[in-house]
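Single-letter residue listing:
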Amino acid sequence: MKLALSEEQEMLRKMAHDFLTDKLPKKVVEEIEKSELGYSPQLWQEMAGLGWMGLTFPEKYGGSGMSFLDLAVLLEEMGRACLPGPFFSTVILGGLAIADIGSEEQKQKFLSKVASGEMLLTLALTEPSARYDANAIETKATANKDGYVINGTKLFVPDAHIANYMLVVARTDEKAKAEKGITIFIVDGKSPGISSTVLNTIANDKLCEVVFKGVKVPKENILGELNQGWPEVQKIIQRAAVAKCCEMVGCIQQALDMTVSYAKERKQYDRPIGSFQVIQHYCADMATDVDGTRLSTYQAAWMMSEGLPCTKEIAIAKAWAGEACQRVMALAHQIHGAIGVTIDHDLQYYTRRAKAAEVSFGDASFYREVVAKEMGL
Amino acid sequence: MDFRLTEEQERFRLEVRQFLEGEIKQGLWQPTCDAWIMGHDPEFTKRVAQKGWIGLTWPKEHGGQGRSFVDRLILTEEMLRYGAPAACHWFADRQIGGAIVHYGTDEQKKELLPMILRGEAYVGLGMSEPDAGSDLASLKTRAVEDGDYYVIDGQKTWTSGGSHMNWIYLVARTDPDAPKHRGISEFFFETSLPGINVQPIVDITGGVHFNEVFFDSVRIPKKCLIGEKNKGFYQVLNQLDYERSGMERLMGNYPLFDALIQYTKETKRNGKPLSEDPIIRPRLAQLRIEFEIGRLHMYRVAMVMDEGRAPNWESAMSKAYGTAFEQRLASTAIEILGLYGQLSPQSKWVPMQGMAYHSYLSSKGYSLQAGTSEILKNILAQRRLELPSQ
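Sequence order for the protein chains is S and A. Residue numbers for the first sequence follow the numbering used here, beginning at 19 and rising by one. Residue numbers for the second sequence follow the numbering used here, beginning at 62 and rising by one.
Treat the hints with care, as some may be off.
What the hints assert, rightly or not - Stretches of chain A that chain S covers, calculated by requiring three or more beta carbons in the stretch to come under 8 Å of a beta carbon on chain S: (1) 260-274; (2) 330-342; (3) 409-420; (4) 427-438.
No lab work stands behind these hints, which were simulated from the structure alone. These numbers come from a predicted model, not from an experiment. Heads up, the beta-carbon is just placed ideally off N, CA and C, and yes, glycines get one too.
Please model the complete structure; the sequences and the hints are all you need to start from.
In structure tokens form, the structure reads like this:
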């Protein structure tokens with residue numbers, strides 16, 4: 019058993035850390051969050067130039083053929099730096115799904131453009147019911163002679179306002195069981211009938227309401243097989259959950275580092291507050307939570323990377339990470355005192371992102387049920 | 062032993078409720094969380110003053126009602142339940158009036174108390190400084206005697222109500238050569254005096270409540286000194302027992318509790334109301350249990366005050382407990398909302414007018430302001446349990 023990253027992964031981590039630290043002082047993060055696009059096109063191209071988008075795509079599609087575990091290392095650094103923008107949507111939600119189950123034509127059409135930074139993707143999955151089970155999919159895709167027509171409302175779709183294409187999860191067979199009548203469509207974001215409204219969210223991450231009114235999609239744009247979409251959607255959710263955990267590791271590692279630094283510097287009663295036993299215990303608890311999150315996240319990421327079945331390990335990681343983030347951020351705030359509850363302090367970037375990550379792609383309640391099933395309860 | 066309130070007290074509670082419900086029906090204001098500290102409504106304060114509900118516990122000879130702290134607790138409990146905008150008079154009523162009654166000269170009582178009773182004193186609290194948070198005694202703001210005046214120089218931070226205040230309560234150093242606890246004095250003066258500069262601080266919710274206040278050679282008449290010169294630290298410790306003692310440390314976000322119950326009854330998931338969900342239902346019940354325990358803590362504190370004692374470890378206990386409850390309420394509410402918990406109050410689709418989101422962020426300060434929970438637990442451990450200090 020080995021828990022350390024490889025030399026190449028360490029190099030990738032360091033490079034990503036230095037690059038993102040340099041490019042994303044918090045003032046820049048703030049500007050990007052407040053902008054309409056929600057990302058910096060210039061930074062996006064630089065990231066594409068570094069090969070980040072296509073990291074795991076086969077080389078024939080412009081990728082580097084690296085593993086999901088390598089991508090996990092990048093995602094952690096992105097979490098640490100609070101990178102705003104559609105990397106998660108484009109690569110994790112869109113690109114990896116197409117790389118996994120796309121036809122050869124689809125892979126040719128989409129993957130190299132994602133790798134080069136020319137194309138933005140996202141996944142339109144959740145609806146106003148805000149659940150991740152098959153019954154929650156009510157958006158309909160009705161067949162006609164030319165293809166399909168989509169009607170419905172999706173909610174909390176990241177970056178829909180800028181995505182060139184959206185992977186839309188819709189119901190194509192209402193008579194079948196919920197899990198058996200779902201199809202994934204790759205829909206042009208400029209199709210007539212789509213209207214995206216950016217919602218105001220805690221992480222300023224451009225989650226959108228997307229309304230589909232008579233949106234036409236050709237048959238060729240089915241991703242995977244007709245009516246067989248749900249098992250693939252479940253894989254997308256699992257992959258997204260692990261990727262989100264990687265971001266959370268970076269988030270709470272940074273929160274821990276900031277807090278320990280502060281506890282060493284801030285003096286009251288003529289001594290650093292970090293010398294008080296209760297503060298030391300808080301920091302110890304935070305470190306324990308961070309390491310537990312790191313270990314369980316990388317376990318799930320490694321297993322995914324190796325193609326091993328890991329439904330239980332993913333559930334453990336995501337259920338744990340969300341709640342660990344809440345505990346870590348609460349202690350970080352308590353130790354920072356009043357200064358940490360101001361908008362000018364950096365801590366709030368992590369607080370807000372931790373909350374968004376906790377509820378995305380299944381919260382602790384959702385994954386506890388998965389674990390219960392795995393336990394045979 | 063008797064856990065009942067008197068008939069008179071129950072009638073008083075009803076009277077307050079009817080008043081507040083009437084105001085809401087007339088559209089004068091809407092229930093919000095943290096309204097006791099952020100809801101500045103001078104007209105509401107005047108109407109409360111007209112009912113004689115400011116200074117309820119002050120002696121009658123000073124214009125108060127001479128009523129018990131339990132009675133005041135009933136009044137504030139209802140104000141908080143209904144999220145009433147009482148911020149203009151809250152500090153003056155809760156602690157400054159009491160400080161003047163306790164330590165003030167007859168002249169000060171005559172001059173200052175009627176103004177507070179009329180609801181005309183909007184008080185900011187000038188205590189913390191950039192280097193003096195928990196260690197308040199290390200404060201540096203100076204008050205130098207100059208004839209009939211003190212000259213104030215320095216900087217306060219986290220000053221509550223700074224942007225609305227017309228009076229400021231200030232602790233400053235009057236003897237830099239004495240040991241730090243013994244060189245501090247309390248002052249109370251109008252903020253219209255020249256040399257006072259207020260800079261708002263934006264908090265994590267994007268709201269503005271706390272401020273930096275800069276004093277640049279501010280000349281205040283000597284009559285602004287409260288109590289004894291250089292005894293201010295001990296006076297303020299006493300004041301802090303009262304500052305910590307109230308129901309606002311348990312019910313600051315109570316409107317969220319009511320809204321959450323309503324929301325879970327009205328919102329269905331898989332055909333059943335959330336209130337019947339096997340995970341959510343016991344969590345709501347547990348919150349209720351924890352609230353009821355907190356309420357008993359609060360009533361105990363009021364009874365200590367009615368015995369004529371400062372509720373030192375008692376309010377340390379009740380505030381540490383109460384603010385932890387408020388934080389659990391906020392995080393439970395936002396958790397129950399799932400994906401919807403991410404939506405800010407201005408967003409389309411936001412449930413409960415964004416109360417859960419707002420309280421989730423604003424409640425982070427509850428366990429810090431007016432004494433961090435760590436300090437409070439030290440007080441409890443050392444004063445009540447007589448454990449040795451470090």
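The hints, checked one at a time:
1. 260-274: That given contact holds, which follows from 6 residues of the stretch 260-274 of chain A lying within Cβ reach (below 8 Å) of chain S.
2. 330-342: Result for this restraint: holds, n = 3.
3. 409-420: With 4 residues close enough to chain S, the hint holds.
4. 427-438: holds (count 7)
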